[in-house]
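Participant: Each chain, written out:
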Amino acid sequence: MRIFKGNVYAVIAKLIFVTLAESMLGYLMLSAFGTGDTNIAIFLAVCILMIAFAYLTNISVPLKFFAPGIMFLIAFVIVPMVFTLSMSVFKYQTGNMLSKEASISTIDDQGVVPDKNNTAYDVVIGYYDGKKSNIAVLGSIEKEVEGAAPGVTAKFDSVLGYLNGDKTNLAVLATDTWMDSQYAYFLATPSSFTPLTDADVTLEEENYTAVSTKDFTAFSKAEISSMLEDIPSLKFKYETNYFLKLGSPIKGMFEGSVNQSMTVYNYFLATKDEYIRVPPVDIVKDGSGVGIGAKNFKKFTSEQISKYSNEIGNVRLTYSKPAPYFIGIETLPKPGTNFGYAIVQIKNIQYDKKSDTFTNVLSGAVYTDDGKGNYRNAKKPKDFLEPGWRQGVWFDNFTSLFNDTRIREPLIKVFIWTIAFAFLTVITQFALGLLVAVAMDKKIRGRGIYRSLMILPYAMPSIMSILIWGGMLDDNGAINGILNISVPWLHDEWLAKVSVLLVNLWLGFPYFYLIASGSLQAIPKELAESASIDGANPRQIFRLITLPLLLRMLTPLLVASFAFNFNNFNIIYLLTGGGPSFEFGSVAGATDILISYTYKLAFDTTIQNYGLASAISVVIFIIVASMSMYGIRKSKVLDDFA
Amino acid sequence: MFSMNKKRAAMLAVVGVALGGVALTPAHAATKTLTVWADETRGPHLQELFGAVEDQDAGDFVDGYVIDVKPQADFDALKAALDNATDASGPDIVLGPNDWVPSGVKNGKLAALTLPAAIKADYTANQIGDLSYKGKLYGVPLDVNNVAMVRNTGVPKPATFGAMVDYYFANKDSKNLTAGLCILGGGTEWGGMSVYSALGMQPYRMKAGKVDLTLSKPGKAAASGDPIQANFVNNLKTYVLTADGANWKSNGFYSPWDAAGVKCESDFKAGKIPYAILGNWQSDLVATSIVATAQPVPGITAGTYGNAFGSVSGALLTSFADKKGNLAAAKSLLNYFGSRAGQRDYQKIERRPHANAKASKFGNSFQKAFANAAGLASIPQIGSYLDGTGGNSWWSLAGNYWYRVAMNGENLTTVTANLSTLLKANVVAGSK
Chain L
1 MRIFKGNVYA
11 VIAKLIFVTL
21 AESMLGYLML
31 SAFGTGDTNI
41 AIFLAVCILM
51 IAFAYLTNIS
61 VPLKFFAPGI
71 MFLIAFVIVP
81 MVFTLSMSVF
91 KYQTGNMLSK
101 EASISTIDDQ
111 GVVPDKNNTA
121 YDVVIGYYDG
131 KKSNIAVLGS
141 IEKEVEGAAP
151 GVTAKFDSVL
161 GYLNGDKTNL
171 AVLATDTWMD
181 SQYAYFLATP
191 SSFTPLTDAD
201 VTLEEENYTA
211 VSTKDFTAFS
221 KAEISSMLED
231 IPSLKFKYET
241 NYFLKLGSPI
251 KGMFEGSVNQ
261 SMTVYNYFLA
271 TKDEYIRVPP
281 VDIVKDGSGV
291 GIGAKNFKKF
301 TSEQISKYSN
311 EIGNVRLTYS
321 KPAPYFIGIE
331 TLPKPGTNFG
341 YAIVQIKNIQ
351 YDKKSDTFTN
361 VLSGAVYTDD
371 GKGNYRNAKK
381 PKDFLEPGWR
391 QGVWFDNFTS
401 LFNDTRIREP
411 LIKVFIWTIA
421 FAFLTVITQF
431 ALGLLVAVAM
441 DKKIRGRGIY
451 RSLMILPYAM
461 PSIMSILIWG
471 GMLDDNGAIN
481 GILNISVPWL
491 HDEWLAKVSV
501 LLVNLWLGFP
511 YFYLIASGSL
521 QAIPKELAES
531 ASIDGANPRQ
541 IFRLITLPLL
551 LRMLTPLLVA
561 SFAFNFNNFN
571 IIYLLTGGGP
581 SFEFGSVAGA
591 TDILISYTYK
601 LAFDTTIQNY
611 GLASAISVVI
621 FIIVASMSMY
631 GIRKSKVLDD
641 FA
Chain B
1 MFSMNKKRAA
11 MLAVVGVALG
21 GVALTPAHAA
31 TKTLTVWADE
41 TRGPHLQELF
51 GAVEDQDAGD
61 FVDGYVIDVK
71 PQADFDALKA
81 ALDNATDASG
91 PDIVLGPNDW
101 VPSGVKNGKL
111 AALTLPAAIK
121 ADYTANQIGD
131 LSYKGKLYGV
141 PLDVNNVAMV
151 RNTGVPKPAT
161 FGAMVDYYFA
171 NKDSKNLTAG
181 LCILGGGTEW
191 GGMSVYSALG
201 MQPYRMKAGK
211 VDLTLSKPGK
221 AAASGDPIQA
231 NFVNNLKTYV
241 LTADGANWKS
251 NGFYSPWDAA
261 GVKCESDFKA
271 GKIPYAILGN
281 WQSDLVATSI
291 VATAQPVPGI
301 TAGTYGNAFG
311 SVSGALLTSF
321 ADKKGNLAAA
331 KSLLNYFGSR
341 AGQRDYQKIE
351 RRPHANAKAS
361 KFGNSFQKAF
371 ANAAGLASIP
381 QIGSYLDGTG
391 GNSWWSLAGN
401 YWYRVAMNGE
411 NLTTVTANLS
421 TLLKANVVAG
431 SK
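For the record, the sequence lines run as chains L and B. Residue numbers for the first sequence follow my numbering, so the first one is 1 and each next one is one higher. Residue numbers for the second sequence follow my numbering, so the first one is 1 and each next one is one higher.
None of these hints come from the bench; they were simulated from the model. Bear in mind that the values here come from a model prediction, so they are computed numbers and not experimental data. All C-beta atoms in this analysis are idealised placements derived from N, C-alpha and C, irrespective of residue type, glycine included. Be aware that a few hints might be false.
As the list claims (entries may be wrong) - Reference excerpt, derived from the structure (chain B facing chain L, CB under 7 Å, subset only):
no. : residue
1   : Thr35
2   : Ala328
3   : Lys331
Unchecked claim - Below, simulated EDC-like cross-link-like pairs (lysine to aspartate or glutamate); rule was C-alpha separation at most 16 Å, straight line:
no. : chain 1 : residue 1 : chain 2 : residue 2
4   : B       : Lys134    : L       : Asp475
5   : B       : Lys323    : L       : Asp115
6   : B       : Lys323    : L       : Glu303
7   : B       : Lys106    : L       : Asp383
8   : B       : Lys323    : L       : Asp109
9   : L       : Lys347    : L       : Glu101
10  : B       : Lys136    : L       : Glu386
11  : B       : Lys136    : L       : Asp108
12  : L       : Lys334    : B       : Asp173
13  : B       : Lys32     : L       : Glu311
14  : B       : Lys106    : L       : Asp108
15  : B       : Lys32     : L       : Glu303
16  : B       : Lys106    : L       : Glu311
17  : B       : Lys263    : L       : Asp475
18  : L       : Lys334    : B       : Glu265
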């Protein structure tokens, strides 16, 4: 194998380099597979093979030099271009971000609603019949029942009446004629209980029964007769957890008995296949009667809960009502407790793969693929399911650039300004750069220092320069402050354009100064001397000889600069943010160029429209590529290169 | 030259090291992990609440799980991270504002949950509505996002907006005031909404807990749901603008952003601005005695107030939780977030007003003052009515409007009419 031919240190260095590169790419590849980025993982796998092929074999020497470039070209130029191009023919925006498969899966997963009563249970989570895969819940259905309070035998002779003259404000005045409670007399309403003393009541002489007290008026016999149907359902407050109910009236007097509300439970076990009502005898209960264990049911331990949490979270257990009803486990048991939380749900949105439709089983609505990235109810077009998916729409994004006035009108303004901005930038930068270069072409004192100073704006990071200029041009910035003026440099439509051009001139003229200086040096001095002998003055020499020669040499760079400024995102976004807006509320601003407008459409608004932004990007690419090709052909650079 | 054996050995070494790199790939931990993403303030506070992952006993909060909180660099980074999250990389729960819910659902990033009745009962219908979309709940309210107006030491409590303006002009020279009312927190669009509202303009109006969709038509009298009330322009002229030739400009009372000679924070702290809008995340910015004066911006008549946005931020359930097999566990943690104990524990560190009304009794004076202000005058922040389309969002309109009428001297009537058209369009669009 000739790969190990050569200096031993060079071979070791190569092995180390290749090993490190392969290891790093291998690590990244597995991470990409792990996170589900399969395409990236495949690309990295190809890169690994390519490196091995290029550097561990001797098949192609040029490949050793080209391989890194090819990989980076694919990763950072070709793939983004292809992706942008492909997205431009897709409906790809907020609400249509997923693949169709993912969209169907999400709609299906989310297509459940609680039943209309919001039925929910605290449940014990476990498994049935000894199979841990047979997840089950043990639920206790609480039911309030009323009955005679056990152990409380007190009966009261009671008068039914009302308080404060309001016949809706019901009350009973009760007497313990059998003396078997601690209260001789009391006044009770549905919400209050007031013990009374002898002094508070007036007694009926025959039976020593209280018949009146302050603010209390007894109903007449006729009134009681009209209330007979309702009286059995009346409840008057007694002591905590107890209430008084009235029996049948005898001579206008009722026998009041003490009752109690009690909680009883029915128990059920729900598995994937069956809903079982479990008799209380088969239930292990806690102190309050809630079921915590049952025959053939085994509660999951904490470790098992953790182990099976995925299955628990997704299981659909049988309910007493048939499908689409089911019981879903909403939460795991709180640490240290027995109970999780389960709710009765309805699978209301159901997918039919054969017909590729969703149906709402509750409303009967059928949702079909509308060809625009959503399942839509054909009978009610505004009714559609979310999320949608990225749908190919051919050239809809491109046609909307021309047909949709909301897009077209700002786009035309932005396009015109983009051309103007790029053109004016190149002209002004070239003019100033050339002027300075011509000035510096003469031998003057301190020329080296001047040259260094001229290059400073170019040497400084442009982002920093732009932000500093932004601060200085702000309404409250240094320029207005020093000059004591109030000029809206960045907020007036035209002034903002001028500001952008001036700042860009500051940033860009050193570049043209440098290349113009170099080009001036390259023009033979004899030409100027000959012209001078022939009687040409300096202006004529510059206009008719120097400038044409310079333009001939610099045209490719001017075209390249035009193309660069056509997409000069930084200066626009950092200085003005594209603003001020053309119209109150519009996305596009007076200084927006196509690329900044595209960015706003894609990322800076609530509704992110990547498809439309991609379409504009493609248009920008075509324009810039055309201009570049034209410029290059015009300057015959390719011919020379060939 | 190497011998063949050495060459083979070298080849094996290359393969071995490469495989070693592969072996470095992180192994899946035995303990299950719930991942929570939050911004740069909530994230560290949650880490303090749950503790470092390595210090947690699996099951402290959810049986068998540890909680791994990953703070993001800032709010925008958090949103970008969520937008770019994949099934494998995404969090189980993300802490975000209510207006992330609609886009989160539309993009399949969020999943619905059902809160136990006992927890749900601790929240108002508006709070639940804030985190709901098309009738389904996608998170648990955590804290109330709002601003309140505070006044400087010695400044009397204003009964009306006019009283504040009067105080400013009466004391402007003697106390060297640079402005009357400025915004310390929330910016012109969010914090300053309560000032617009006090004067008669807000992005939408509420009626019985829902957005009032009754809008007037051109040439008709203002309807109950009009974002701009009939007296708004007159109120602007009376209280915050002054004539400037044919147009109007700011009279210097209201300074929604720092301008020449007006620096809200330093001037307010120096006593040169009597009133300021303070955000409920700015508990350390001003003295406790000043926080205690927190109230809504007073309206034109006594007893009325300008509405502030009073929505909730929530712990939102992501669809990634299901993809990672953590659905029930994530919902369990959300129940903890929503419980009184959870809110008490978290807000003790986070120090924002509790969303859970029952838990708010555990709050400090700052939290209570802001909760009180929210209770007096607030409207929910409903993204579908605010975000608009084609750039007509409240967020781009609100500051722009003030700039145009008060600073750029544009025609007040025309600009206001334009604003009215755009806001009404937003209300109509939001209702669909």
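Participant: State for each hint whether it applies.
Facilitator: Verification of the hints:
1. Taking 7 Å as the C-beta cut-off, the interface hint given for Thr35/B is violated, the closest approach to chain L being about 13 Å.
2. This hint holds: Ala328/B has a C-beta 3 Å from the nearest C-beta of chain L, less than the 7 Å allowed.
3. For Lys331/B, the interface hint holds, the least distance from its beta-carbon to any beta-carbon of chain L being 5 Å, beneath 7 Å.
4. Straight-line distance between C-alpha atoms of Lys134/B and Asp475/L comes to about 44 Å, which puts the hinted pair past the 16 Å bound.
5. In summary, the hint linking Lys323/B to Asp115/L is not supported, as the alpha carbons are separated by about 25 Å, beyond the 16 Å threshold.
6. Restraint check for Lys323/B and Glu303/L: the C-alpha separation of about 21 Å exceeds 16 Å, so the hint is violated.
7. Under the criterion of a C-alpha separation no larger than 16 Å, the hint pairing Lys106/B with Asp383/L is consistent with the structure, at around 14 Å.
8. Restraint check: the Cα-Cα separation between Lys323/B and Asp109/L comes to about 11 Å, which is no more than 16 Å; the hinted pair holds.
9. A threshold of 16 Å between alpha carbons decides the hint, and for Lys347/L with Glu101/L the separation of about 19 Å lies outside it, so the pair is violated.
10. Proposed proximity of Lys136/B and Glu386/L is supported: the alpha carbons are some 13 Å apart, at most 16 Å.
11. The suggested pairing of Lys136/B with Asp108/L holds, with an alpha-carbon distance near 15 Å, which does not exceed 16 Å.
12. As the CA atoms of Lys334/L and Asp173/B are separated by approximately 63 Å, the hinted pair breaks the 16 Å bound.
13. Distance check on the hinted pair: Lys32/B and Glu311/L sit about 14 Å apart at the alpha-carbon level, within 16 Å; holds.
14. Distance restraint check for Lys106/B and Asp108/L: the Cα-Cα separation of roughly 14 Å lies within the 16 Å cut-off, and the hinted pair is therefore satisfied.
15. Distance check on the hinted pair: Lys32/B and Glu303/L sit about 11 Å apart at the alpha-carbon level, within 16 Å; holds.
16. Restraint check: the Cα-Cα separation between Lys106/B and Glu311/L comes to about 26 Å, which exceeds 16 Å; the hinted pair is violated.
17. Taking the CA atoms of Lys263/B and Asp475/L, the gap is near 14 Å; set against the 16 Å cutoff, the hint holds.
18. Taking the CA atoms of Lys334/L and Glu265/B, the gap is about 46 Å. The hint is violated against a cut of 16 Å.
Checked against the numbered hints given earlier, this structure breaks hints 1, 4, 5, 6, 9, 12, 16, 18; the rest are met.
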